[in-house]
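Chains as they are written, first to last, in this note's numbering: chain Y, 9 to 263; chain L, 9 to 263; chain E, 9 to 263; chain G, 9 to 263.
No wet-lab data here; the hints were simulated from the structure.
Some hints could be false.
Identical chains share a label here; the pair holds if one copy fits it or two copies do between them.
Once the Cα atoms are required to be at most 25 Å apart in a straight line, the calculated SDA-like pairs of lysine to any residue come out as [unchecked claim]: (1) K221 with R208; (2) K190 with S56; (3) K190 with D92; (4) K190 with L127; (5) K190 with S89; (6) K64 with D92; (7) K190 with P90; (8) K64 with V84; (9) K190 with Q63; (10) K263 with D88; (11) K190 with A201; (12) K263 with A10.
4 protein chains.
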Amino acid sequence: MARIDLNSDLGESFGAWTMGNDEAMLSIVTSANVACGFHAGDPVVMASTLALAQQKGVAVGAHPGFLDLWGFGRRVIRGDSPSDIEAMVAYQIGALQALAVRAGLRVTHVKAHGALGNLSAEEEELALAIARAVRAVDRDLMLVAMAGSQQERAAEAMGLAYAREVFADRAYDDAGRLVSRKLPGAVLHDTEACAIRALRMVEDGAVTSQSGKRIPVGIDTICVHGDTPDAVAMARAVRATLEAAGVTVAPFHLK
Amino acid sequence: MARIDLNSDLGESFGAWTMGNDEAMLSIVTSANVACGFHAGDPVVMASTLALAQQKGVAVGAHPGFLDLWGFGRRVIRGDSPSDIEAMVAYQIGALQALAVRAGLRVTHVKAHGALGNLSAEEEELALAIARAVRAVDRDLMLVAMAGSQQERAAEAMGLAYAREVFADRAYDDAGRLVSRKLPGAVLHDTEACAIRALRMVEDGAVTSQSGKRIPVGIDTICVHGDTPDAVAMARAVRATLEAAGVTVAPFHLK
Amino acid sequence: MARIDLNSDLGESFGAWTMGNDEAMLSIVTSANVACGFHAGDPVVMASTLALAQQKGVAVGAHPGFLDLWGFGRRVIRGDSPSDIEAMVAYQIGALQALAVRAGLRVTHVKAHGALGNLSAEEEELALAIARAVRAVDRDLMLVAMAGSQQERAAEAMGLAYAREVFADRAYDDAGRLVSRKLPGAVLHDTEACAIRALRMVEDGAVTSQSGKRIPVGIDTICVHGDTPDAVAMARAVRATLEAAGVTVAPFHLK
Amino acid sequence: MARIDLNSDLGESFGAWTMGNDEAMLSIVTSANVACGFHAGDPVVMASTLALAQQKGVAVGAHPGFLDLWGFGRRVIRGDSPSDIEAMVAYQIGALQALAVRAGLRVTHVKAHGALGNLSAEEEELALAIARAVRAVDRDLMLVAMAGSQQERAAEAMGLAYAREVFADRAYDDAGRLVSRKLPGAVLHDTEACAIRALRMVEDGAVTSQSGKRIPVGIDTICVHGDTPDAVAMARAVRATLEAAGVTVAPFHLK
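Next comes chain Y alone, as it looks inside the complex:
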């Protein structure tokens, strides 16, 4: 019987500014990637996100990004050495771990955010730096890797368990990469269509590109966005559609 995790990037408020509806999302997803203060989040937001996750039994992971509040971690920043990146990622994981311990939780996984995530899907050196940071901090942490990416290979190279991720609401190209957000059709908005698409990915073990090409990939978790106006409806539809088809929705680290 098929089994899948639903993950979302949460805890992305900062100080007086709110992003998304974390409480609602945490009632739907099974894993939360929690911003760690570099691109979003702050210690107080992190603590309250963790408290909610604890209440709702959602697995929590670190969601490290570039130090770029202004750009929300979406801007590419170049000039750091791999060991700088390692230190930057280790710092963020540790910060979340301490707050998780305080909340009676343990951090189960790490997923790179935004530009750091996109670059490390493509670039071996960066993917390895992140995986080395994860392994150095805690070998039991799982890496969330874009299915088929350098992140997956880096996790293997470092001997880390990993979960392969696909996106319910993002278009893929024929190479199995996400279509850039700058291109038309990159982000899908039809809630029902995305839910059915997610189910097909799981049943089929593949993603389908914009041109219709089927690209087989291992799939352990589906990312649903938390920061769009229709995020909650989308996440609910994806979960409901999966469960209606008999797919078990549960945290990947419990597999």
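Knowing the structure of chain Y, use the given hints to seat chains L, E and G on it.
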């Protein structure tokens, strides 16, 4: 036979800016309080400070401060609730712990920095918030407490081990508090005099106030500053004078 | 015939985070106090706020605050000298002026934000530092001063024109000061009651304290908040009620 | 008779951290490019740099950079639109202008810093965005442009006066571009050799590449670095050598 720890606040560089001479200081002191990125330090600076400490066998502690790079954590910031402070302190401890694990070290202690340190020496609520954060993250962490302060009482209330700290180069008032840096004579600059003063404190189990009053206090560690021009000479003189008098200089957590 | 300005603190989004509904508020108020990047706002947000203000004919002022994105400028920060404060305020005014020139506008006024505003209403030294900064940058800038406060006296001492401000939705104490937000009843939420209250203030030339005491003050501008859920409704009601009573609502600097 | 300006990037301290010896440098150079708080500098540092420049009769310019204190503005940040860059540059110019007015000075020029400078030397779109920002804020500001670069073309396209800059201590490639700092020999350290090299550039109206190729360029100003250990000695030698050869050293904007 008397035994004492020498501690210093280190890792206070940031990016391209250097503060103090950490390499020299780490050859003299037995405990380092490492800035955690809020008032000074960054992940890369933290990693290199930890690597040096590891080489030189110096115990490392977290040195959390207010989020205030511009003010170097010396400005009082009001408006956070005790639970906000807890989250802020836990975050910084965790960030250092992860980098310490990566460097093959474990964090042994926590000492609040600058305005956060000064306020928590005086204010029970703040001292308790910090001690709660330490306990929540790791009950085995020791708290460095200004001798006779609210920090000491908070450590006891929370059941944390603690090290009582005095300053070789700071004047005390008759209540056993540090004389404000804004007042004349608050900071002592005569290296030899400070070294002898440190020895007397240890031998006598007391500090002597500006007016000459003797104030008995428990003393586990002496703080020597790392960010002044004559910091290295001062630290060397204090250590040499203590050792010449037969005092053992060793990390407090090994006591 | 009575005449009054309606002002609001706007441009308080930051990067990916939105605060309030600036476009709607700029269709109602006659003066906008634009955040300058220290407590909120960033160059891109400032530019778009200015462009909207330009379209809608709203006067723009600088809204400088403490350097505290995390705390939204609401936390008290102590430790800066008056000349540090002067530099900090001048910097923020200049940043907005340059963006205003680019938008075809000129900055007409300055109003201190949050903790900087509250402290400078009470403290002569701080009020004078801010007024000196304004005068040093541009003698033609008006200061928005809480009616009856040290800000008003500082503007007079520095020879600056100023506008006296009252709040439609904040309770006053018998000394004519705002009741702290931490106390019950400090913020009024009944839209209609606030609108009538604003009209009475203008007609009466006085504010009424929580205990019912009438405190005569000069009133040039009424502040309506832009960052609460019912901000737009409140602002609209205040303006409609004033205009229905024959009060002219127009920018204070055109008086 | 030949005439040249000597410029240096100054005011790059931040809070408690010092960079370089601004006082000494301001006694040697004729133009200072003052950091504006995004990559270095803060309002207080800017104010004191301006006060020193005012005393010593040095022309002051804005030195805007990416928002990147951690990376000192040397990291490439991608993802901002040209109009975002415009706003970011205008903000920084305005901040310095206000502090300059307060110091009894006017800002004479703008020079992009670090990665923003290097990128805009090569990329037309970015160079135009910066030039548009300068023109929008004040048409009388001069642009400091790397000789022969996109910056020079952008200044011409926008109708701005500009000063063409060469570097006394940086190697050039055959295309007249700076050799990357990551390559050997990119930065020259021999004070006397650099001084003679600077004089030859001025006399010859050309730079000589690493391979010995002569590349004719217009030269209005020579940059001497302020943040290296031997910065002061280098700047002194360059000035002395130029003056000994009869070259007049004076601010470019007075030409």
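Evaluation of the provided hints:
1. K221 with R208: For K221 and R208, the Cα distance is within 25 Å only inside one copy (14 Å; across copies 63 Å).
2. K190 with S56: Only across copies: K190 and S56 sit 21 Å apart there, 33 Å inside one copy, limit 25 Å.
3. K190 with D92: between (29 Å within a copy, 16 Å between copies)
4. K190 with L127: Both: 16 Å inside a copy, 22 Å across copies.
5. K190 with S89: Result: close only across copies, 12 Å inter versus 28 Å intra.
6. K64 with D92: between (35 Å within a copy, 22 Å between copies)
7. K190 with P90: between (28 Å within a copy, 15 Å between copies)
8. K64 with V84: neither (34 Å within a copy, 36 Å between copies)
9. K190 with Q63: neither (38 Å within a copy, 29 Å between copies)
10. K263 with D88: Cα proximity of K263 and D88: none, with 36 Å in one copy and 41 Å across.
11. K190 with A201: Only inside one copy: K190 and A201 sit 21 Å apart there, 48 Å across copies, limit 25 Å.
12. K263 with A10: Cα proximity of K263 and A10: one copy only (11 Å, versus 56 Å across).
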